[in-house]
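Trainee: The lines below spell out each chain.
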Amino acid sequence: MIKSIKVVLLTLVSMAFVATAYADFTFVSWGGAYTMSQQKGYIDTWGPVKNGSTKVSVENYNGGLGEVKAQVEAGNVTWDVVDVLPVDVINGCDEGLLEEIDTSGWQKSPDGTSFNDSIVENGTGASGPISECAVPQIFWTYVIIFDPKNFSGKKPTTMKDFFDVKKFPGKRGVHTWPQAVLEMALVADGVEPTKVNSVLQGDGGTDRAFAKLEDLKGHVVHWSAGAQPLELVSSGEVVMSIVYNGRAGAAILSEGASLDYVWEGQVLDADWVGIPKGSKNKAEAIEFLKHATTCASQAEQAKYITYMPMRQCGTDIIAKNEPWFHTGIDVLPHMPDTEERLKKSVFTDPVWWADHNAELKEQWSAWMAGNK
Amino acid sequence: MALPTYTTTGQRIGYYTYLFYCGLVFFFLIAPIFMIVPLSFNQSPFFGFTPEMLRLEPEAFSLRWYRQMLGICRPDDIITTVCTNKWMIGTKNSFIIGLSATFLATALGTTAALGLSRPHMPFKAAVMALLISPMIVPLIITAAGIFFFYAKFGLVGTYTGLILAHTALGTPFVVITVTATLTGFDTNLIRASQSLGAGTMKTFFKVVMPLILPGVISGALFAFITSFDEVVVVLFLGSVEQQTIPRQMWSGIRQEISPVILCMATCLVALSITLLTAVELLRRRSERLRGIKLR
Amino acid sequence: MSEIITTEGVPLKVSLKRAERINKIRALVLVLPLTLFIIITFVIPIIAMLTRSIDDKQINTVLPKTFEIYKQWDRKQLPSEEMYATIFNEIMTADKRAIGKASTRMNYSKSGWKSLIKKSKRKFKKIKEGPYKEKMIAIDKKWGKIEYWKAIGEMVDPYTFGYFLNAVDLKYDSNKKIVQQPEKRRIYNYTWYKTLKISVLVTLFCLILGYPISYLLATLPLKYSNLLMIFVLLPFWTSLLVRTVSWIIILMRKGVFNSILVWAGIIADENRMQLIYNETGTLIAMTQILLPFMVLPLYSVMKTIPPSYMRAALNLGAHPMHAFYRIYMPQTVPGISAGGLLVFVLAIGYFITPELVGGADGQLIGHWIAYHLKSTLNWGLCAALGTILLVVMLTLYWAYNKIVGIENIKLG
Chain Z
24 MIKSIKVVLL TLVSMAFVAT AYADFTFVSW GGAYTMSQQK GYIDTWGPVK NGSTKVSVEN
84 YNGGLGEVKA QVEAGNVTWD VVDVLPVDVI NGCDEGLLEE IDTSGWQKSP DGTSFNDSIV
144 ENGTGASGPI SECAVPQIFW TYVIIFDPKN FSGKKPTTMK DFFDVKKFPG KRGVHTWPQA
204 VLEMALVADG VEPTKVNSVL QGDGGTDRAF AKLEDLKGHV VHWSAGAQPL ELVSSGEVVM
264 SIVYNGRAGA AILSEGASLD YVWEGQVLDA DWVGIPKGSK NKAEAIEFLK HATTCASQAE
324 QAKYITYMPM RQCGTDIIAK NEPWFHTGID VLPHMPDTEE RLKKSVFTDP VWWADHNAEL
384 KEQWSAWMAG NK
Chain H
5 MALPTYTTTG QRIGYYTYLF YCGLVFFFLI APIFMIVPLS FNQSPFFGFT PEMLRLEPEA
65 FSLRWYRQML GICRPDDIIT TVCTNKWMIG TKNSFIIGLS ATFLATALGT TAALGLSRPH
125 MPFKAAVMAL LISPMIVPLI ITAAGIFFFY AKFGLVGTYT GLILAHTALG TPFVVITVTA
185 TLTGFDTNLI RASQSLGAGT MKTFFKVVMP LILPGVISGA LFAFITSFDE VVVVLFLGSV
245 EQQTIPRQMW SGIRQEISPV ILCMATCLVA LSITLLTAVE LLRRRSERLR GIKLR
Chain E
7 MSEIITTEGV PLKVSLKRAE RINKIRALVL VLPLTLFIII TFVIPIIAML TRSIDDKQIN
67 TVLPKTFEIY KQWDRKQLPS EEMYATIFNE IMTADKRAIG KASTRMNYSK SGWKSLIKKS
127 KRKFKKIKEG PYKEKMIAID KKWGKIEYWK AIGEMVDPYT FGYFLNAVDL KYDSNKKIVQ
187 QPEKRRIYNY TWYKTLKISV LVTLFCLILG YPISYLLATL PLKYSNLLMI FVLLPFWTSL
247 LVRTVSWIII LMRKGVFNSI LVWAGIIADE NRMQLIYNET GTLIAMTQIL LPFMVLPLYS
307 VMKTIPPSYM RAALNLGAHP MHAFYRIYMP QTVPGISAGG LLVFVLAIGY FITPELVGGA
367 DGQLIGHWIA YHLKSTLNWG LCAALGTILL VVMLTLYWAY NKIVGIENIK LG
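Chains as they are written, first to last, in the numbering used here: chain Z, 24 to 395; chain H, 5 to 299; chain E, 7 to 418.
In short, the hints are calculated from the structure, not lab data.
You can take every hint at face value.
Heads up, incomplete: computed chain E residues facing chain H, CB under 8 Å, no partners named:
(1) Pro218
(2) Ile255
(3) Leu379
(4) Leu395
In silico contact screen, one side only, chain Z against chain E (beta carbon under 10 Å); selected entries:
(5) Gly87
(6) Asp117
(7) Asp230
(8) Leu255
(9) Ser258
Cβ atoms here follow ideal geometry from the backbone N, Cα and C, with glycine treated the same way.
Generate the whole structure from the sequences, applying the supplied hints.
Mentor: Structure follows, in structure tokens:
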């Protein structure tokens with residue numbers, strides 16, 4: 024018996040040594056179809072990866088800066104590139120958790136527009152990167168989807184319809200955090216999409232949004248993970264749901280799901296990429312990001328997911344080469360940024376949300392608690 | 005268990021209702037575990053029994069999700085699932101962390117249990133309470149506390165950090181099972197051995213160890229399953245390199261529900277059956293060795 | 007009375023004492039490594055976390071002079087030019103990272119500070135000399151709003167109970183008086199209530215389901231009970247996530263349970279029940295997951311109760327129900343309390359299952375601890391919530407130890 028234990032122990036020790044070999048470059052993102060689009064769009068196409076000199080290990084996380092903060096404070100940074108939301112970009116840059124990246128001299132657009140200027144609108148009403156600590160990734164949007172098969176007569180077309188449970192009876196799928204919901208409520212309350220931010224941030228703005236949300240009380244099923252709303256809609260648990268448009272796009276384009284969008288009142292948000300402060304592979308990470316943000320990479324990514332390139336030049340490539348999606352389908356109809364759609368959308372304001380996130384999350388949770 | 009002949013009809017009905025109720029509870033306990041097994045062989049990417057499956061048509065079943073779990077991908081697999089070997093990496097990590105933590109927990113826990121069972125141990129109750137505290141403090145608090153503290157020493161996102169944390173979580177089980185084995189341990193055996201000229205170490209390995217070994221091993225198995233199953237600490241403390249199986253399942257459920265999770269779950273059920281059997285056999289052996297009659 | 011002397015010439019009393027001391031030391035030496043290990047890797051981290059819940063030093067090191075002057079401010083009208091000048095200088099000279107952290111801290115007491123400091127740090131460069139007050143207000147009118155100034159009042163001291171107050175929906179006002187949070191932000195008391203409610207319900211359900219089967223297991227002949235015991239032990243050994251996944255699949259709208267009901271004609275296809283992503287789902291899944299923790303202690307207690315007691319009661323003419331209630335039940339109380347405590351304590355700190363199957367109802371206290379740890383980085387509040395939970399827990403254990411004894415916890 025003792026002999027066999029010795030054998031087991033020896034095996035254990037030897038296994039522990041095998042374990043130390045891991046990838047030399049770490050890219051952290053959200054997982055699922057989105058990460059796959061990044062993998063195929065610009066990781067697999069990157070020179071050092073193609074010729075095998077570098078291995079990029081792709082990992083998932085659930086957002087937030089907790090891990091980055093812990094790594095930076097401990098002086099042991101194991102992430103090299105991380106995909107972050109605007110709020111986290113701003114906070115992370117303020118607190119010195121992300122490296123500043125100098126993008127002057129990065130790839131210009133074919134028409135000569137500089138790298139920064141090729142981001143026409145970053146969500147704050149200005150152009151260029153949102154912060155010195157991030158380079159462009161994609162715009163994505165919170166949009167309403169529904170299954171047309173569940174509507175025999177009229178189908179929902181506006182945000183008002185989403186909030187009108189008399190006209191379209193049935194449950195609504197809504198996420199468990201307040202971003203985008205408040206903006207949508209104001210659109211449904213009759214605020215022009217372009218004016219939503221100023222109304223929301225003005226006096227009584229949030230109260231007005233919460234007042235409008237009362238219309239939905241008792242008619243909401245909450246979801247907390249990106250895969251859930253599609254399940255909710257396809258299983259009939261809800262008749263309409265807020266969803267990340269990329270999830271819906273993937274379901275429609277790749278799996279042929281029966282879904283349709285309500286674009287009016289969509290709330291656009293963004294994803295940026297940054298480098299955690301003190302990354303051991305900073306130089307390499309910057310070279311990688313230069314490749315990841317080229318017009319071609321930006322467009323290539325849209326072959327696999329319906330999130331729109333942040334740089335205009337990426338969108339231009341797609342428009343010229345439709346059908347662009349990898350299954351041979353036009354992808355622009357599923358993109359949130361056609362000119363006509365943008366007129367009726369809200370850009371969520373990351374600076375304001377960075378200030379009010381915690382407070383409104385509490386208020387929103389109180390609202391959810393009363394929503395029985 | 006037959007009812008005595010004098011029971012009334014009322015009592016009979018009562019008794020059978022009771023048995024039926026117990027049957028339902030047992031079903032409630034076990035059904036969820038076995039439900040996932042057939043579903044993991046589903047051909048379609050949905051989490052339900054398709055009509056074809058219910059008709060037991062062979063085309064309705066496939067090993068495609070197991071293939072994906074092993075990281076073997078074919079072009080015809082749906083494009084939306086990323087084909088990775090993350091489950092294999094997770095398995096490797098789970099075993100590295102689990103086995104290392106088990107080894108440490110068993111060594112530390114057994115030694116401590118030997119001390120605790122000595123009749124002269126001072127402050128026994130207080131020490132015992134301290135030693136089993138990792139088992140009773142809610143995981144979320146443990147995880148948060150360990151996260152803040154280990155962050156100061158650069159242990160967040162390292163194997164060392166996770167192994168230390170899981171060792172702490174596993175030791176109470178070893179202490180409890182080994183102490184239990186030692187109660188009723190006949191100390192005359194030690195004296196006999198020593199009076200026959202054996203040294204302390206020899207006595208321990210030749211006399212004590214064989215007798216308490218079943219307890220030590222089942223303690224080790226408890227410690228292993230604790231680490232193998234643990235996700236909250238991994239969630240807070242583990243970085244990208246230390247993704248374990250439960251951690252992958254957690255993000256799988258939240259982000260891309262795919263039937264591959266069911267395959268992993270089926271494997272875990274098989275593992276738990278194995279471990280359960282092992283512990284059960286060990287317990288019986290221990291009782292036999294200690295001369296306790298089988299219940 | 008002569009003393010008994012050992013062969014070595016030492017009085018027996020002394021010799022025995024020495025032997026006992028050596029034995030004590032031996033025992034301690036064996037226990038020491040694990041004790042140290044647990045203290046270092048487990049106890050100290052938790053105590054360190056507790057101190058975080060009252061620590062407010064960081065901000066005081068960034069704006070020390072401002073807070074000096076702040077103490078003299080009357081809090082009725084806008085602060086003096088002096089205060090404006092001081093905070094201006096301290097913001098300008100502070101390290102970027104430190105001021106970022108400070109602004110995050112200030113934002114906890116009044117949303118808006120974060121962007122105000124950030125924006126100001128950039129725009130202050132234009133201001134070369136005083137008077138600062140007007141120039142600062144010109145840059146951002148928030149500088150002219152008294153509520154922002156009032157809000158930093160709670161940060162004057164290096165140690166604060168503010169996080170604990172936040173954790174129960176209270177806060178300090180600018181004069182460090184304790185007041186309630188505005189009604190729309192009150193969520194923590196509700197969360198505590200919900201956490202307690204779910205824990206109590208789960209404990210109750212476990213008892214209702216667990217008691218009868220424990221009794222059956224304890225009274226059946228061994229060959230049957232050993233077989234049935236597998237039904238309890240296997241779930242105990244099966245991964246928590248596996249069981250959570252199964253419940254999601256079973257309870258989904260198109261899941262197994264609803265489908266069976268539809269197939270059996272009990273409900274119509276369009277009336278499938280909403281069983282998951284709400285409280286029902288949380289309760290069902292948690293009950294099943296924690297049930298073994300109720301059954302195992304109950305079983306081990308019931309096993310020790312001699313069946314002769316019940317027989318004696320029946321012989322003496324007691325009705326079976328009466329005999330059960332008066333004779334059997336009281337003897338199982340230690341089992342009920344052990345199982346109840348175990349289940350309750352596990353349930354109150356649960357995080358994974360409610361988060362996955364609870365939807366909006368899954369936001370129990372564990373959710374907020376994780377949220378502040380990972381998302382808002384408000385580690386003070388996170389620690390305060392954790393501390394309260396821990397105190398509740400320890401009180402329960404203390405009570406349990408008084409009544410039953412902690413070493414009576416048994417496994418399997």
